[in-house]
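Can you make the complete structure from the sequences, with help from the hints?
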Amino acid sequence: MISSNLEFFRALANIYNDMRDTGEPIPEDLKNCPLNDKLEYLPYKKQYEIADENLEKSTVLGKGNFGIVRKGLLKMADPKTEEEEKKRLTVALKSAANQYDIAQTSMLASELRLMCAIGRFPNVLALVGAVTVDLRKGKLLIVTEYVDCGDLHKYLKDHREIFEDHLVVDKSEPNSYLTPLSSKRKTYMFKTENGEQENMINESLESLTTSDLLSFGLQIANGMQYLASIPMVHRDLALRNVLLKKNKTIRIADFGMARKYEDNTLYYRTKKTKDAPVPVRWMSPEAFYGMRFTQQSDVWSFGICLYELFTLGGLPYPDIQSEDVYTYMQSGRRCEQPDHCHVELYDLMKLCWQQKPELRPTFNVIVEYFMEHMKKSAKQLLDYVEEMLRVEADTQRKLDDWISTDRSITAL
1166 MISSNLEFFR ALANIYNDMR DTGEPIPEDL KNCPLNDKLE YLPYKKQYEI ADENLEKSTV
1226 LGKGNFGIVR KGLLKMADPK TEEEEKKRLT VALKSAANQY DIAQTSMLAS ELRLMCAIGR
1286 FPNVLALVGA VTVDLRKGKL LIVTEYVDCG DLHKYLKDHR EIFEDHLVVD KSEPNSYLTP
1346 LSSKRKTYMF KTENGEQENM INESLESLTT SDLLSFGLQI ANGMQYLASI PMVHRDLALR
1406 NVLLKKNKTI RIADFGMARK YEDNTLYYRT KKTKDAPVPV RWMSPEAFYG MRFTQQSDVW
1466 SFGICLYELF TLGGLPYPDI QSEDVYTYMQ SGRRCEQPDH CHVELYDLMK LCWQQKPELR
1526 PTFNVIVEYF MEHMKKSAKQ LLDYVEEMLR VEADTQRKLD DWISTDRSIT AL
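Take 1166 as the starting number for the sequence shown in the working numbering and just add one per residue.
Warning: the hint list may mix true and false statements.
[To be verified] Heads up, simulated DSS-like pairs for lysine-lysine below, C-alpha to C-alpha not over 30 angstroms straight-line: (1) Lys1563 - Lys1411; (2) Lys1236 - Lys1319; (3) Lys1351 - Lys1319; (4) Lys1544 - Lys1322; (5) Lys1322 - Lys1540; (6) Lys1351 - Lys1211.
Hints are computed from structural coordinates only; laboratory data are not their basis.
Structure below.
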């Protein structure tokens, strides 16, 4: 018993020391590799350290096999006024489900190092800080932005009944009345009778329109373009891992470090992955069969995200059993065009689902494609999204004010 306790605390000490060790340089052959491949060389940045007494822990937001997420309030580390002394920032607090499980603590520490390296970007969940001082006792806390409206998949499913579809059959198409409905070309109806573009923006969460789907799609592409530029491979991109704010901006979260295995309809055990269920309906053929996760496999998953968006949270390959998805993909068949999806965006989906990874577009190309598509039909919406993301970037920059122990330095 004493021996096992010693091993436990020795392992915790190793995790603690590894996080702070910045002496070992990244090998030359790994410098251009994704962050996922060089985790052991990524340090924890001490400027993110938060004093535990500055945190108030509240209700449990979610619990899985590997982690617990709670709502919390953060007090400013270095308040300068009485008003700042009273202010609190709502945050999310992530800890291991079992602090005596070395594997869970190690996984959480890796996630923290990864988030430090990712930095902050408007469409990616931002790290606020962490409590690591008691890591050698098994206590580790990751503090992130609190995103108030849950995941995008649930939001879409819960609001299907109020959806307003602005994609209509193009009546200018020759002989359109003779064409079967399923084959008719559709166009956006964003203009009033006098030809002016109607107001496409409604920030209320009780409004869901085609404009919102376009905005969500562009924002996810934008966030993935940033991650790809680092480079960083997500590995588990799906709408359940995209969080929604009240102002309808999104945050990509859950960077493939600690997957949720509770829902067996989404995560399926293959012969190759008996110990680690995988989200087969979102995976590219090479990721599914060879467990090869790359930016190209993330692009495939992005195409599936678009399918989820334009089916309002529909299940990919709805008529196919999980164990048959790989065979279905290998036969060249793909998800069908959703009813609420413009043909140009379905063309983009099909590009994302090219069998050969090298034939799929990059996220740079995807963002450019999306922006060109919106410039033609929804310029007002595109301008609005870009301005909204500038505001979100500024909000994330101000997170440092909450954790800095000497704001006279950060103000310079």
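Hint-by-hint comparison with the structure:
no. : hint              : result
1   : Lys1563 - Lys1411 : holds, 19 angstroms
2   : Lys1236 - Lys1319 : holds, 19 angstroms
3   : Lys1351 - Lys1319 : holds, 27 angstroms
4   : Lys1544 - Lys1322 : holds, 27 angstroms
5   : Lys1322 - Lys1540 : holds, 28 angstroms
6   : Lys1351 - Lys1211 : violated, 53 angstroms
The structure fails hint 6 only (numbered hints given earlier).
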